[in-house]
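Trainee: Take a look at the letters that make up each chain.
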Amino acid sequence: MPRAFRTAAGITGLGLLLIVMAAAIFGPFLAPYDPQVFHPTNRLEGPSAAHWLGTDQFGRDLLSRILNGAPSTIFFGLGATLFGVGAGSVIGVIAGTAGGWIDSIIMRILDGLLAVPELLFTLLIVTFLGGGMGQAMLAVAVAFTPGMARIARSSVLSIRTREYVLAAVARGEPSRYIILREVLPNAISPIIVESTIRVAFAIMIGATLGFLGLGAQPPSTEWGLMVAEARQFMFRNAWTVAVPGIAIAMAAMGFNLFGDALRDSLDPKRNE
Amino acid sequence: MSTESPVLEISGYSLTYNTPSGPLRALKNVNLSVARGQTHGLVGESGSGKSSLAWAILRYLPDNAIENDGKLLLSGESIRDRTPSQIIEVRGQRISMVFQDPSTSLNPAMRLGEQLSEVMIRHRGLTPREATEASEQALERTGITKPKEMLERYPHQASGGEKQRVVIATAFACNPELIIFDEPTTALDIITAQQILDLFNQLQDETSISALYISHDLGLVSRLADTVSVLKAGEVVESGLRTDIFMSPRDDYTKKLLSAVPDPKHWLGVNAPAPELPILMSAENITVEYGRQSVIGRLFAPKPTHIGAHEVSLTVRKGELVGIVGESGSGKSTMAKVLSGLQEFHGVIQFGDSHFSKLDDIDLPYRRAVQIVFQHPDASLNPRQRIGEILSRPLKLYNITPKEQQTKRIIELLEMVSLPRDYINRFPHQLSGGEKQRVAIARAFAAKPEVVICDEITSSLDVSVQASIANLLVALQDQTGTACLFITHDLNLVRQLAHRICVMQHGKLIDTFQPCDAEKPNRNPYTRALLEAVPPPAGQFNMEPIT
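First to last, the sequence lines map onto chains A and B. So the first sequence is residues 1 to 272, counted in the numbering used here. So the second sequence is residues 1 to 547, counted in the numbering used here.
Keep in mind the hints are simulated off the structure, nothing from the lab. Think of the CB as a built atom: it goes at the ideal place given N, C-alpha and C, for glycine as much as any other residue. Any given hint might turn out to be false.
[What the hints assert, rightly or not] Across the chosen pairs, the derived CB separations fall in these ranges:
no.: 1; chain 1: B; residue 1: Ser357; chain 2: A; residue 2: Leu124; range: 45 to 55 Å
no.: 2; chain 1: B; residue 1: Thr480; chain 2: A; residue 2: Val169; range: 21 to 31 Å
no.: 3; chain 1: B; residue 1: Thr480; chain 2: A; residue 2: Gly99; range: 28 to 38 Å
[What the hints assert, rightly or not] Computed far set for chain B versus chain A, every beta-carbon distance over 10 Å:
no.: 4; residue: Ser33
no.: 5; residue: Leu74
no.: 6; residue: Ser75
no.: 7; residue: Glu77
no.: 8; residue: Arg111
no.: 9; residue: His156
no.: 10; residue: Ser259
no.: 11; residue: Pro273
no.: 12; residue: Glu311
no.: 13; residue: Glu344
no.: 14; residue: His346
no.: 15; residue: Phe374
no.: 16; residue: Arg384
no.: 17; residue: Tyr526
no.: 18; residue: Arg528
no.: 19; residue: Ala533
All chains, full assembly: derive it from the sequences and hints.
Mentor: Take a look at the structure:
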């Protein structure tokens, strides 16, 4: 395991991430009960032998609901980030390598978009498109694009003036080779690191949208929606709110710590 | 030589760093002493441990540094077992340090006067007003012409030489017992460096301060040290009086270092090409202007443009090695970039039958025939590509060898630059600086060029590695008959290699001469100043006593 992951933060991040990804992939198959089935006699109970994490207001098993909702939450975060990173990187690389007025125009547009807070931006888009997971994912991806484009552009700009790129230009290499083989492989590590951190944000924004009723719709088991629905029952059974809340926190923290450790391991100055 | 106790005495001192890849022995059983009023030169290449020793004396070591029980005595007292607050009293007041790069050792957000007064207020207990007056006097002593104005300036408003004088004034300010100089002239131009050296000698005469002068440059150390120690991989291999070390070295490593110092009397280059050989490449009236703005920019906020090169004309014949020397900012790297097709220019480049009057005209055949090797070996190789791939690029791009024979050709190239063939699968970070530079040279020669431009290729390397790279270049030139444009600031080195030397200053080509004519009276005064400023090569050291 690369040295950067052997720190306390790295191991924690990796551990949390493994748990969360395992839940996302195998969760629905591991759920002990059907997440939508009511157990009316056991409503709003705390953890017990029958229901390990308790039940919600309809008597649905919380553990099953969490495991069932893991894929939609996690893959929402991953999908939104992937689209945002993909689009943003392409725009950033174009701006960074083109330079001149193309670069200026792109950057001014991005500056304008960045002035809007990300959450507000997603709300705006979702209001246009209507609620639903797909629309929410698109909204988050669009909100992430300007930030990622800036990072990609600055990374490309710093690599462009390195002497090995100049050597390639002096040799007369075609621009496509220079961008794909000389610049991109060296510019990609900040982009990768930023993406892992943004997955955490995407999960949280998705949860917020679910909370506001603009993302997943009931009876979906998406974690943010679970928190929203359980709000009114918070004082009768805190577990209904705590369980999905802690799950969201674990996912966000896992991706964050993993991203930090990944950044340290990709940093060439720390490797021999 | 005084018979008092030495101002600094190090005996049996060892330092080891605990790194994740195992313990790294930085210093092994070092014995060193600096007598009062004397300058002790510490010579060693990069990685020898000289900076570690300086930090150990100042007691500023990282957490993973493990010391043994060797002694560190300052004027007879041990400074090893002091608490951090006691050490703060020692630093600045009893030992001070002058660092290598004045632009990073001065706080860019504070005025120079404040930084100088800081030391005096802290250690001599002066009031701010007294400190300002004392700062002005200190600056005057270091030769700054308008000290009052200099106190008000910020570091970015002063030149490298002026900043280093301020740093030296700061070091001298509290009359410390010992000043440690860590390569103070490496980041400066030749002429400025010589002025700083003269200043150092003058201040030493006036104040009889004791100094530990750390450097990798033997020629430099021979002009100011009384006693010298040579450090190799953490061990002091030889130590003694200046005259002994330079005139009769005992250790093999010392002899190797001395022989690697460039000596203009020792010709290394290939034979001069016959004068009837055709001119291969000629640049006519090349002018480069930096900072041209768009029309709107010029309307609203006009900024003056900077002329990188002004009507420079030079020619290169087949098989010739032309040297270009000058200080930083003289335009030599600009010319390198223009001739290798990386910079916009006005003027004409003529190569064989082709004419190029702007950057976009330059075509692939020209780029193949004119190759460039850059200064920093760490930056000139793509860190994510293996050596084999790096060397295969020119072969693929210019269709020099068919695919099946590429690996064979790459191995031939590696052998040409004396590198083992299993380097083909290594990444650049697994090679040393000298080895990386060899790969860069191999890459340039892989294209079978007619001219190779070497932009300060030895400046970032140690003395002994410089010599081997220079020899390699000459051997390759001999083998292939390629012409070479060798850009450097090291006059001694270029006099060993070049058939013709061009001198540039402020973007203009002001002098051209052959090495044998270097001392002739019709040289431009700037050329003469450069020649005088360069440290004398080994064997020609001025052996008269300094103080």
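Trainee: So, for every hint listed, does it hold in this structure?
Mentor: Hints versus structure:
| no. | hint | verdict |
| --- | --- | --- |
| 1 | B:Ser357 x A:Leu124: 45 to 55 Å | 54 Å, holds |
| 2 | B:Thr480 x A:Val169: 21 to 31 Å | 24 Å, holds |
| 3 | B:Thr480 x A:Gly99: 28 to 38 Å | 37 Å, holds |
| 4 | Ser33 | 36 Å, holds |
| 5 | Leu74 | 35 Å, holds |
| 6 | Ser75 | 39 Å, holds |
| 7 | Glu77 | 39 Å, holds |
| 8 | Arg111 | 31 Å, holds |
| 9 | His156 | 21 Å, holds |
| 10 | Ser259 | 31 Å, holds |
| 11 | Pro273 | 25 Å, holds |
| 12 | Glu311 | 24 Å, holds |
| 13 | Glu344 | 13 Å, holds |
| 14 | His346 | 20 Å, holds |
| 15 | Phe374 | 4 Å, violated |
| 16 | Arg384 | 5 Å, violated |
| 17 | Tyr526 | 29 Å, holds |
| 18 | Arg528 | 34 Å, holds |
| 19 | Ala533 | 28 Å, holds |
The structure fails to meet hints 15 and 16 from the earlier list, while all remaining hints are met.
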